[in-house]
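Number of protein chains: 8
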Amino acid sequence: MSKNFRIDYQREERIGFQEVVFGASKTIDQLRGIIQDFQKNHKSALVTRLQKKKAEVLTSEFSPSFYDQTSKILLVGEFPKEVVEDEIAILSGGTSDQYLVDEIYYSLLFVGRKASRFHDVGVAGVHRLLENIEELRKYSVLIVVAGFEGALPTVVGGLLPQPIIAVPASVGYGVSKGGKTALKSMLASCANGITVVNIDNGYGAAMAAFRIIHGK
Amino acid sequence: MSKNFRIDYQREERIGFQEVVFGASKTIDQLRGIIQDFQKNHKSALVTRLQKKKAEVLTSEFSPSFYDQTSKILLVGEFPKEVVEDEIAILSGGTSDQYLVDEIYYSLLFVGRKASRFHDVGVAGVHRLLENIEELRKYSVLIVVAGFEGALPTVVGGLLPQPIIAVPASVGYGVSKGGKTALKSMLASCANGITVVNIDNGYGAAMAAFRIIHGK
Amino acid sequence: MSKNFRIDYQREERIGFQEVVFGASKTIDQLRGIIQDFQKNHKSALVTRLQKKKAEVLTSEFSPSFYDQTSKILLVGEFPKEVVEDEIAILSGGTSDQYLVDEIYYSLLFVGRKASRFHDVGVAGVHRLLENIEELRKYSVLIVVAGFEGALPTVVGGLLPQPIIAVPASVGYGVSKGGKTALKSMLASCANGITVVNIDNGYGAAMAAFRIIHGK
Amino acid sequence: MSKNFRIDYQREERIGFQEVVFGASKTIDQLRGIIQDFQKNHKSALVTRLQKKKAEVLTSEFSPSFYDQTSKILLVGEFPKEVVEDEIAILSGGTSDQYLVDEIYYSLLFVGRKASRFHDVGVAGVHRLLENIEELRKYSVLIVVAGFEGALPTVVGGLLPQPIIAVPASVGYGVSKGGKTALKSMLASCANGITVVNIDNGYGAAMAAFRIIHGK
Amino acid sequence: MSKNFRIDYQREERIGFQEVVFGASKTIDQLRGIIQDFQKNHKSALVTRLQKKKAEVLTSEFSPSFYDQTSKILLVGEFPKEVVEDEIAILSGGTSDQYLVDEIYYSLLFVGRKASRFHDVGVAGVHRLLENIEELRKYSVLIVVAGFEGALPTVVGGLLPQPIIAVPASVGYGVSKGGKTALKSMLASCANGITVVNIDNGYGAAMAAFRIIHGK
Amino acid sequence: MSKNFRIDYQREERIGFQEVVFGASKTIDQLRGIIQDFQKNHKSALVTRLQKKKAEVLTSEFSPSFYDQTSKILLVGEFPKEVVEDEIAILSGGTSDQYLVDEIYYSLLFVGRKASRFHDVGVAGVHRLLENIEELRKYSVLIVVAGFEGALPTVVGGLLPQPIIAVPASVGYGVSKGGKTALKSMLASCANGITVVNIDNGYGAAMAAFRIIHGK
Amino acid sequence: MSKNFRIDYQREERIGFQEVVFGASKTIDQLRGIIQDFQKNHKSALVTRLQKKKAEVLTSEFSPSFYDQTSKILLVGEFPKEVVEDEIAILSGGTSDQYLVDEIYYSLLFVGRKASRFHDVGVAGVHRLLENIEELRKYSVLIVVAGFEGALPTVVGGLLPQPIIAVPASVGYGVSKGGKTALKSMLASCANGITVVNIDNGYGAAMAAFRIIHGK
Amino acid sequence: MSKNFRIDYQREERIGFQEVVFGASKTIDQLRGIIQDFQKNHKSALVTRLQKKKAEVLTSEFSPSFYDQTSKILLVGEFPKEVVEDEIAILSGGTSDQYLVDEIYYSLLFVGRKASRFHDVGVAGVHRLLENIEELRKYSVLIVVAGFEGALPTVVGGLLPQPIIAVPASVGYGVSKGGKTALKSMLASCANGITVVNIDNGYGAAMAAFRIIHGK
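Residue numbers (the working numbering), protein chains in the order written: chain A, 1 to 216; chain B, 217 to 432; chain C, 433 to 648; chain D, 649 to 864; chain E, 865 to 1080; chain F, 1081 to 1296; chain G, 1297 to 1512; chain H, 1513 to 1728.
Bound conformation, chain A alone (with noise of 0.2 Å):
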């Protein structure tokens, strides 16, 4: 069978930063058909949510290739050597947003930007986060991960100046379960200014703020 798809490599020259593949809903020959395009043209794939199994094949076949199993990342390439630290920050509420967190730091590294992580600053315990506001204030962007009620962004938003982009986390059970109750929360935050992506869009934070750094 012929090639049914066609990257568009004109992507980074367009907007700054090349198209990347969506993991998940792809088969590995699908996979491995788009891979090999992007090593015929010379560039690193990023794969985002891909699942273990299939993970396993692709690194097996790809090198140098890396995998991480908790973002779901798969790099067939390597990172860029050289990376700017100290003007993104990633905060979240807690472990269970890991996933997402990582995602999205391995999506920045992936445009050479290496974030900083803050864990479990949640709102259920305030204090941690306001320990850490002169620290945050130092970062042009902030990316805020919450789950269930998705309330940090709020406060967040509410006690720092700077761009701010809500990413909603699917954990959660009953009326948080899939993350809508996160996404709409953060949607009808009272703090103003808060901009927010898909749920568990870690890749489209990541861009997001990659797209508000760039243009500086």
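Just so you know, these hints were derived from the structure itself, not from any lab.
Here a beta-carbon is modelled for each residue, glycine too, at the ideal position from N, C-alpha and C.
Among the hints, a few may not be true.
With the C-beta cut set under 10 Å, the calculated list includes, among others, these residues of chain C facing chain B [stated by the list, open to error]:
id: 1; residue: L541
id: 2; residue: V573
id: 3; residue: P595
id: 4; residue: G610
id: 5; residue: G625
id: 6; residue: I626
id: 7; residue: N630
Cut-off 25 Å, straight-line C-alpha distance, at most; resulting in silico cross-link-like pairs (BS3-like, lysine-lysine) [as the list claims (entries may be wrong)]:
id: 8; chain 1: A; residue 1: K177; chain 2: C; residue 2: K472
id: 9; chain 1: B; residue 1: K270; chain 2: D; residue 2: K688
id: 10; chain 1: C; residue 1: K513; chain 2: A; residue 2: K54
id: 11; chain 1: G; residue 1: K1434; chain 2: G; residue 2: K1377
id: 12; chain 1: B; residue 1: K393; chain 2: H; residue 2: K1566
id: 13; chain 1: E; residue 1: K907; chain 2: C; residue 2: K609
id: 14; chain 1: E; residue 1: K1041; chain 2: C; residue 2: K486
id: 15; chain 1: F; residue 1: K1123; chain 2: D; residue 2: K702
id: 16; chain 1: G; residue 1: K1336; chain 2: G; residue 2: K1377
Covered stretches of chain F (in silico footprint by chain E; criterion: 3 or more residues with CB under 8 Å from a CB of chain E, positions within the stretch not fixed) [what the hints assert, rightly or not]:
id: 17; segment: 1159-1171
id: 18; segment: 1230-1242
id: 19; segment: 1250-1257
id: 20; segment: 1269-1283
The hints should help you fit chains B, C, D, E, F, G and H onto chain A, whose structure is shown.
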């Protein structure tokens, strides 16, 4: 036409507080008949969510009577002469929630409890809440009203040990229109031991507080 | 990798009960690290909603430990030696709700309260509830679990004066699948003063009861 | 303009009761034309959910006619002279449901059945229902109306053996606004053998009862 | 552990049919205990929605027993020797609904009614229904099963005068996944006097038919 | 203020029909400016969903103009003198859908197609549809309007081979309020090859028919 | 057991294409019986959405047979020898939609139409679509598949005049999980005259195109 | 009555812009009190979503004041004398979105930024957008407003590298009524790095842009 309702006058004996009247969906004729029935039984009648136009007719017919336009509470009869103070605090994030704060306030007054109101302690400026923590520690029950993203009960619940009754307000727009986001956010709170009532159910929150206080 | 969580050990001092661990969305590695942290701080660790397979690994590694398969509660450490009885009653409509009744039971046991369980007092045979009314009158708090249409708290709330915490169960199918109908039914109850927690939030209901009992 | 409707006059022969007119979404001109068509065919016309203003115009034009403001039922023609009693009981939880009780009552009257109405037998004071059980046992069909949490059909269904048609009322607010919680609660009832009609569909409930009675 | 359930053995006397067991959410241990309790009380036990694996264990332990894999019905005991035929017809639109048709069939058999099944009379080829109209006219109650858009009860309801119980099936995908579109379509039917049960509630539909038949 | 819109006058050349104006959410000032712009470009202006009050102002200002109150269509300019007949049939279930039937009718007239209207061929009396089958077979495209349960397109789709465009009407109440049940029912139709447009989107259905006819 | 289905063999004569089999919810036994029935009537059987495991059994039993794993289409029999090309184009935004593109492709092949597939013309790189506009202009019908935000049909609809059938794909996550956002986006399209089928309903889209082509 | 609000005058110092007033749900009395409080603190007061009738009262009482009827923005005080231009562009698809474009415009003007407005660059005629690409490239932040299917941010996001803030408009009907489809479409965008605010939240979008600009 014969009487098509039957007041549950034994309710106070069974559960500690009497039946009240949900005014929003009743006609003036229905309400007049019900209030007269209360009067024949030597009881005050509390009507909740009563639209202004219907209230004007009824307050002109019954005396003594009291109507508060913000909370839409009508009392035909009198509030108790002696009330207990300093047991219950009502917290809210802003002026838009006042209608609900006051429905709770008057509902508690009707059962002999004078609550304290803390306005504008919302999470977009969390210092206003933090300044009141020691004062709030004195109360036996905290009723927390919030609209939009409904984050206030979570922050309160992480700071204070009392029973917390969260009341979602229907204020808001877009995803928070009608109060469903605030409701779900409160139910999904990562602060443990918070309980919730229906959107705009100020009377229910008041009686939930009364059940706690009354049994002590 | 450095530690990516931070337990809120001051929580017990602030609000009367310590932080517990939501087990469902954490890996064994994450849980192991967290439990060790609790042990270093000389605290028992309570893990809720822990899947059986992960529990088997952890109970084989930590001692003393206790795991209840129905409620999915793991305790690393020991329940208090001395407990207070006859304060809290847990009512439910049937065997299908047992998982939730027992999550509430063990969560309360962890904070030194031994609750009484009333099984199968559901509304489809209301005589079973009516026969227990006098017995139920003795308790300070009633926790009422129900799935499907969630009508039990309403009937209880019309008969008894205590604080009532309604807990929707996710059992059911069709319109009641996932527990949303039970949740909404409880929130919309025509019996006044009932409060509600998230679907399947047995731990939250237990702590809501504890907040009431504790403050007396 | 030519006639743009066609009444199904064979319906009564096929299914036992004639076509009626849904008034809410029709203009006065449309209704006038339809009613005249019924008159030409020597039939009474029953119009449901007719707004008061439109009814006033039509009752001034057609005689004999009857309009009940609570139920919004218009009859152009006359109710049957001879009616059968004691077959159908309509139960409801309170005054707020009266509009629906009466829509059912008049719809049944139109097909020659005079139903008995039991007001205020709601579950928040379950003794009022229990006192009526023996009386209710005499009827062949029970139509049970409820808004808010819609628990009444469940309790009735656990106590009595007859066919039960549950009718959700759109009264309520917050999660019960529009009647969807009552509807789902009735569908999810743990009492078996209850059937349900659309929210506020009093006419449909009446015809469902008629189908049962008629075929005996 | 002591018994944590209580069968409602008076139910048959009160409402005409005995309590059955909802199998889907119970463990084998719970089911074994419940079935033994039925046996001690000299009753057959009907278990609905029982997964195949659990059924295999229980049928190997209890005799006589019957399990139908399509409908997931388990009977421990025997169906009545004498049954009444030609009272109830079950109509469905196709093979995909068979699981529900058969749950209704066996549930009715358990209470001594042998229903007739009309397969594949769906509306996409309406002639198949029209050919059966005279035959269908003989039955006292029609139970109509449909998934996808759920249009069958509407067409039947416009052609035949009997009581019609509509049962939405959870088959379908996209907007009809889970059966909610079929459910709502049946509730909104423009054919009057149709009643509806919960999605996949075959047992409930059977008992609704039984309530109608039984009282005659 | 400078002009804040820009009509897409090349649209007709690109896709065969010109841009029209969605009137519901525009002010009279906005509409006046837009219509004048059309006039300067020597084009008729078709405005859809225009409220009566705004139409009265505009028809008094522009001539020639035509406004149909039922369909809320305003034409500033004239319908084509020559029209093609007998290509498109519009079917509907009753008088309540007339507003939509007529929006489709006038939208087609604007592009030179005179459709035939079949009123009251609804499924609650399926014989009315069956009687028209041979007549309907002559048309090239069938547009089928239905509210409530939206079953009509399914029955039509099982009987006739033409392209079928289903249009859900927002008439109805309870679960069918706003037209979502009709929409989903049409999408889930078990009759194959039916396509659907948005609720109340009569203009869209007309243009979908035009795209089919036009290309022949 | 007697046959519990009835194939509608007159469908092809009535509407131009024969009945096919929805495979997802049928057992192997049910499918075997149905396929044998088709064979007895000298017809090929097309089964849609057939899971791989069931397909493996059936392809081993029936010959000739064809199964495509991506689209889950099974054909027992043979595709037509002669097919018409260049009438229908299928557009999609990427590899993740291929399952649906191919279901449409094989469904059309079954009725003698060989469609052309345009992969990866998605809107995130709109130049890929613009480059194909002249080529696309040659086709009589455009079927446009899209998941996530479903914007492709809108852009196509603004550029090309043909009938456009939009097919929402269930790929996506968070708010686009299950395809509902793509579906609603297509229905709400500001490009006029686009019609839509159910999520993942590739077969339906194919037959909608066939209805258009067939009648010419 | 004592003051029941407390303006957060430290907000500007903390996060760079001052508290504004949500006007829709406040009474004239509440607004008057709040505006006077701002005046006492020598601050201008910006009120968003203020209904015309309330605005007329307030503009007659306070001077200088400015009210824009389309955007429903009230300013008591004056816009900054000096403003920065050419940093922020606001794109929209049509006249129906103007209310939101202008709310963004005036909100930015209040913080000293004069944005450029691009009207009618919607995707149904994508050439209008393509013609403006080079001009748009000059701006630092793009705010993209869209209702109906909300596709515009996706197309922009695939063509331009800047930060993109998508704002769903509540215009539309049927599935797009209230703006939820536009919101979800924007969140699910296949163009990466787009962020979203609540439906109709023009002020929030403006402050999100300000957070980006301000920190540079």
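Given coverage of the segment 1159-1171 of chain F by chain E, tested with a Cβ cutoff of 8 Å and a minimum of 3 residues: It is violated: at least three residues are needed, and the segment 1159-1171 of chain F offers just 0 whose Cβ sits closer than 8 Å to chain E.
Would the pair K1336(G) and K1377(G) pass a check requiring their Cα atoms to be no farther apart than 25 Å? holds, 22 Å
25 Å limit on alpha-carbon distance, applied to hinted pair K393(B) and K1566(H): Holds. K393(B) to K1566(H) sits at ~21 Å (cutoff 25 Å).
Given I626(C) was flagged as interface, is its beta-carbon under 10 Å from a beta-carbon of chain B? Since chain B brings a Cβ to about 7 Å from I626(C), closer than 10 Å, the hint holds.
Hinted pair, alpha-carbon criterion (25 Å max): K1123(F), K702(D). Please report holds or violated. Distance ~40 Å between K1123(F) and K702(D) Cα, so the pair is violated.
Distance restraint between K513(C) and K54(A), which requires alpha-carbon spacing of 25 Å or less: Violated, at about 50 Å.
Taken at face value, is the distance from the CA of K486(C) to the CA of K1041(E) at most 25 Å? Roughly 32 Å between the alpha carbons, so the hint for K1041(E) and K486(C) is violated.
Could you grab the alpha-carbon distance between K270(B) and K688(D) and see if it respects the 25 Å cut-off? violated, 43 Å
With chain B as the partner, please determine if G625(C) meets the hint condition of a C-beta pair closer than 10 Å. holds, 3 Å
Hint validation: P595(C) versus chain B, beta carbon distance must be below 10 Å. Holds or violated? holds, 4 Å
How does the segment 1269-1283 of chain F fare against chain E when you require at least three residues with a CB closer than 8 Å, holds or violated? holds (count 4)
Below or equal to 25 Å on CA atoms is what counts here, so check K907(E) against K609(C). It is violated: about 30 Å lies between the C-alpha atoms, which goes past 25 Å.
Checked against the numbered hints given earlier, the structure breaks hints 1, 4, 8, 9, 10, 13, 14, 15 and 17 and satisfies all the rest.
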